[in-house]
Amino acid sequence: MSDVLLEAKNITMQFGGLKAVDSLAFKIHKGQLAGLIGPNGAGKTTVFNMLTGVYQPTEGEVILEGQSIKGLKPFQISQRGIARTFQNIRLFKKLSVLDNVLIATHQHVKYSLLNSLLLTKSFTESEKNQKEKAMDLLKIFSLESKANELSSSLPYGQQRKLEIVRALATDPKIILLDEPAAGMNHSETHQLMDTIAKIREDFKLTVLLIEHDMKLVMGICENIFVLDHGMKIEEGQPAKIQNSKKVIEAYLGIEEA
Amino acid sequence: MFKAFKNPTLALIGLAIFGLGINFGFNDYIQLTVLFIMVNCILAMSLNLVNGYTGQFSLGHAGFMAIGSYFTAYSSTHWNIFPANLQFISAFLFIVGGGLLAAIAGFIVGLPSLRLKGDYLAIVTLGFGEIIRVALLNMDFLGGPRGYANIPSLGSFLSSYLFASLWILICLFTIWRVMQSSYGRGFLSVREDEIAAESMGVDTTKMKVRAFVMSSFFAGIAGSLFAHFTSFINPSSFTYLQSINAVIMVVLGGMGSLSGSIVAAIFITAFPEILRPLQELTHVDLRMVIYSLTLILMMILRPKGIFGELEITDVWRKYVRRSA
Amino acid sequence: MQDFVQHLINGISLGSIYALIALGYTMVYGILKMINFAHSDVYMVGAFASYYVARWLGIDSNPSIGTLIILLLTSMFFCSLLGLLIERLAYRPLRNSPKLNILITAIGVSLFLEYGGQVVFGADPKVFPDVMKDFVLFSGAGIELTSFDITVLIVSILAMFALDFLIYKTKLGKAMRAVSSNPSVASLMGVNPDRIISFTFIVGSALAGVGSVLVGMKYPKIDPLMGMMIGLKAFVAAVLGGIGSISGAVLGALIMGLSEEMVVAYLSSTYRDALAFGILIVILIFKPAGILGKYSVEKV
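Protein chains in written order, with our numbering: chain A, 4 to 260; chain B, 46 to 369; chain C, 269 to 568.
So here's chain A without its partners, still in its complex pose (with noise of 0.2 Å):
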């Protein structure tokens, strides 16, 4: 078994009387390829909420490499190597698809402000890094002829895809993906899961991602965890997850007696 580099320990959200998800444990391993999915509203965008710091989870605790990372902020999180995509695509719309890029690598800028007024070459040189990196990375999705054009004027399954630029130039550990083939045709979605199993051996990334399309996460997914109404009925290999009967009650609902 390799080493554990996330763990959810009983991690509980409760808004107001509802509990969104009801303390909640999983285990991700180095390298790993894992699913999350359940039914929806079962609580799997809540999940990630409380994994990147959106949300701090009322009970328990996540750790990340052996260490604790409650109540620390969202930016503190990424900074730490958790990457994120959103469901509902949050790109700076009105900013270049670069610059969407380039704001993700903010983090590993070391000149101060007044490099930037005086010109210096600390400056000028990280500025130019700082862009090499970015356009490689566009490269991977095929997004580098766009580079300049706003993010907001991509097609949808292109947006889909810089979100995942973005996060991957935070340089993570572990990247999560919010549905990242929704709205995507077959092709496209077989072309995507290409991608993201290439991105995790070049970049030796651990990947967690929500999906609806059963076919894919089946396909592609190591470990899955199924979530039901907050709570986990199942975890394990996709043949597993595949004859259990309580996914299968939890998907298509029991027949009341």
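Among the hints, a few may not be true.
Stated by the list, open to error - The calculated DSS-like cross-link candidates involving lysine-lysine, where the alpha carbons are at most 30 Å apart (straight line), are:
| id | chain 1 | residue 1 | chain 2 | residue 2 |
| --- | --- | --- | --- | --- |
| 1 | B | Lys-162 | A | Lys-124 |
| 2 | A | Lys-131 | B | Lys-251 |
| 3 | C | Lys-367 | B | Lys-349 |
| 4 | B | Lys-251 | C | Lys-442 |
| 5 | B | Lys-251 | A | Lys-73 |
| 6 | B | Lys-349 | A | Lys-149 |
| 7 | A | Lys-131 | A | Lys-73 |
| 8 | C | Lys-301 | B | Lys-251 |
| 9 | A | Lys-249 | A | Lys-235 |
| 10 | A | Lys-131 | B | Lys-51 |
| 11 | B | Lys-251 | C | Lys-367 |
| 12 | A | Lys-249 | A | Lys-33 |
| 13 | A | Lys-201 | B | Lys-162 |
| 14 | A | Lys-96 | A | Lys-136 |
| 15 | A | Lys-131 | B | Lys-48 |
| 16 | B | Lys-251 | A | Lys-96 |
| 17 | A | Lys-113 | B | Lys-251 |
| 18 | B | Lys-251 | A | Lys-76 |
| 19 | A | Lys-249 | B | Lys-349 |
| 20 | B | Lys-251 | A | Lys-176 |
| 21 | A | Lys-73 | B | Lys-162 |
| 22 | A | Lys-96 | B | Lys-51 |
| 23 | A | Lys-207 | A | Lys-76 |
| 24 | C | Lys-367 | B | Lys-162 |
| 25 | A | Lys-33 | A | Lys-76 |
| 26 | C | Lys-489 | B | Lys-162 |
| 27 | C | Lys-367 | C | Lys-442 |
| 28 | C | Lys-555 | A | Lys-73 |
| 29 | A | Lys-113 | B | Lys-48 |
| 30 | B | Lys-48 | A | Lys-134 |
| 31 | B | Lys-251 | A | Lys-134 |
| 32 | A | Lys-207 | A | Lys-218 |
| 33 | A | Lys-243 | A | Lys-33 |
| 34 | A | Lys-136 | B | Lys-349 |
| 35 | B | Lys-51 | A | Lys-134 |
| 36 | A | Lys-136 | A | Lys-218 |
| 37 | A | Lys-22 | C | Lys-555 |
| 38 | A | Lys-96 | C | Lys-301 |
| 39 | A | Lys-176 | A | Lys-131 |
| 40 | A | Lys-124 | B | Lys-48 |
Calculated from the structure, these hints are not laboratory results.
The hints should help you fit chains B and C onto chain A, whose structure is shown.
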């Protein structure tokens, strides 16, 4: 390092030549109007950094301007540290001092209030601005409600003008270069989507405070210059209407366009003066009525301001070059 | 102690006037999410409308209940009309514009009314008609209740009850609440949001009209800039109570009125405006949605 000063120096020389023209070609009244235009240029650009680029709505800039003004007024009348022929050095230092004091105030105001969003932030900054004004009303050593008179000028029109030009350029190039840097993109990301920016590792609170402090620094500078140019200030020069005036300049010029801010500052300052003959003709003061109507019509007909988000150089590229 | 009770009465009386104006701010904010800066000037126009109508009718020095009622109706009518016009001409074309544009337009309308008022009415203060004789209605234990205080209280309480009835007991009120909570869904349900918004402006402005007559009665000097400070404070009161919330506006206004009266009485009158903002800042920083407002968590 040298190339960093090339463009600003060229621009300063250009402005100086322009100033010489005004110096010999126009009367005192127009010269004073030109100086006020320059103060408003700095004020508008500084606010654009917060409102236009960082997307945080501040209505308290009159307060920061007041702090700069009063510091300069007090220091230049009380502290004689340089001999008469080197007064310009102390004048420069006191102006910087006014800016720094305003920046500190900006930090104190910004830190707690920048957690708020939209209208709430606007109201809290408005509140802080008013508190600064009321505090000044109650400070006897600064003249209280009577105000502060006999603030020394910066010498002739030409030397005042050069001081103002220097600061306009410092303000312009600082904001411009910051916006070309990674920090500038950080400001923009806060405006576009705070949650996404945070998730990409941008410390949005720090970014907002940074923009706010820089902006209040330049608002303080604008206030310092204003004090020298009018020679008399009182707390009612810095009511929230002054803050609103600054916001109007930013929006009219275009949020996130420095050239827009400058053009709007010229327009807003000069417009009432241009309408003055009309007043003599009709014997009623219709200037502000026309001004407000223009404002409403502008918002309805050209909601993105004169320049939108473009700079004057972009406009050139977009329309002039294409047709050529 | 007697002093304190007296200040309490004065504070409540001041607070209820703030409340009448604050309600207009809060209603418009609740439905359009905009700060209607021109509201305070609508209030000013109400005062001038009653001034001119009273002179025209020749009742400007004829204090009686009848005068009060005539002036209240006059002021309400003209304020409503003006509110409606402003909404139609200036705000409606900007319904889908960025917030800042709408705010600046509102400021533009406000400036237009203030400076236009100076041109039309003249910049010098005018003396508001005698609405009612000022006499001590009740006196005892060192406390005085004047006819003005009682009138202010009765009229504003009546106005607020009328508003409460309108919003919670009528079909129109239901439509208003629906549009305020979700305009697009409300319009799917057959409510015409534009009509409801116009109506909100009419009601809010009418309340400001009531406020202007009461203020004119108590402080009979009126001028085109009279709305600025009181409008700002009423707005602060609305934010304090939780903008968008009707009961919040009343609560916030009472707190404003009381604290202002107490500061003037026990500290210094020069700090009274600063205190209002001080309270506001503290409240907003610790409870950003105001006392009774709901703070919505952004969905990610």
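Comparing the hints with the structure gives:
1. B:Lys-162 / A:Lys-124: violated (37 Å)
2. A:Lys-131 / B:Lys-251: holds (25 Å)
3. C:Lys-367 / B:Lys-349: holds (12 Å)
4. B:Lys-251 / C:Lys-442: With Cα atoms ~44 Å apart, Lys-251 (chain B) and Lys-442 (chain C) exceed 30 Å; violated.
5. B:Lys-251 / A:Lys-73: Roughly 20 Å between the alpha carbons, so the hint for Lys-251 (chain B) and Lys-73 (chain A) holds.
6. B:Lys-349 / A:Lys-149: Within the cut-off at roughly 25 Å; holds.
7. A:Lys-131 / A:Lys-73: Cα-Cα ~36 Å, so violated.
8. C:Lys-301 / B:Lys-251: holds (28 Å)
9. A:Lys-249 / A:Lys-235: The hint holds at about 11 Å.
10. A:Lys-131 / B:Lys-51: holds (21 Å)
11. B:Lys-251 / C:Lys-367: Within the cut-off at roughly 25 Å; holds.
12. A:Lys-249 / A:Lys-33: holds (28 Å)
13. A:Lys-201 / B:Lys-162: Answer violated: Lys-201 (chain A) to Lys-162 (chain B) is near 41 Å, above 30 Å.
14. A:Lys-96 / A:Lys-136: holds (21 Å)
15. A:Lys-131 / B:Lys-48: holds (18 Å)
16. B:Lys-251 / A:Lys-96: Cα-Cα ~22 Å, so holds.
17. A:Lys-113 / B:Lys-251: Holds: Lys-113 (chain A) and Lys-251 (chain B) sit about 16 Å apart, inside 30 Å.
18. B:Lys-251 / A:Lys-76: Judged against 30 Å, a Cα distance of about 12 Å means the pair holds.
19. A:Lys-249 / B:Lys-349: At roughly 55 Å apart (the allowed maximum being 30 Å), Lys-349 (chain B) and Lys-249 (chain A) break the hint.
20. B:Lys-251 / A:Lys-176: At roughly 25 Å apart (the allowed maximum being 30 Å), Lys-176 (chain A) and Lys-251 (chain B) satisfy the hint.
21. A:Lys-73 / B:Lys-162: holds (25 Å)
22. A:Lys-96 / B:Lys-51: Distance ~35 Å between Lys-96 (chain A) and Lys-51 (chain B) Cα, so the pair is violated.
23. A:Lys-207 / A:Lys-76: Between Lys-207 (chain A) and Lys-76 (chain A) the Cα gap is close to 25 Å, so the pair holds against 30 Å.
24. C:Lys-367 / B:Lys-162: holds (12 Å)
25. A:Lys-33 / A:Lys-76: Holds, at roughly 23 Å.
26. C:Lys-489 / B:Lys-162: violated (38 Å)
27. C:Lys-367 / C:Lys-442: Status holds; Cα separation ~26 Å.
28. C:Lys-555 / A:Lys-73: holds (24 Å)
29. A:Lys-113 / B:Lys-48: At roughly 22 Å apart (the allowed maximum being 30 Å), Lys-48 (chain B) and Lys-113 (chain A) satisfy the hint.
30. B:Lys-48 / A:Lys-134: OK: Lys-48 (chain B) and Lys-134 (chain A) at ~22 Å, within 30 Å.
31. B:Lys-251 / A:Lys-134: Distance of about 24 Å is within 30 Å: holds.
32. A:Lys-207 / A:Lys-218: OK: Lys-207 (chain A) and Lys-218 (chain A) at ~24 Å, within 30 Å.
33. A:Lys-243 / A:Lys-33: Roughly 22 Å separates the two Cα atoms, so the pair holds.
34. A:Lys-136 / B:Lys-349: violated (34 Å)
35. B:Lys-51 / A:Lys-134: Cα-Cα ~25 Å, so holds.
36. A:Lys-136 / A:Lys-218: violated (33 Å)
37. A:Lys-22 / C:Lys-555: With Cα atoms ~24 Å apart, Lys-22 (chain A) and Lys-555 (chain C) stay inside 30 Å; holds.
38. A:Lys-96 / C:Lys-301: Between Lys-96 (chain A) and Lys-301 (chain C) the Cα gap is close to 23 Å, so the pair holds against 30 Å.
39. A:Lys-176 / A:Lys-131: Holds, at roughly 24 Å.
40. A:Lys-124 / B:Lys-48: Status holds; Cα separation ~11 Å.
Hint compliance for this structure: hints 1, 4, 7, 13, 19, 22, 26, 34, 36 are broken, all remaining hints hold.
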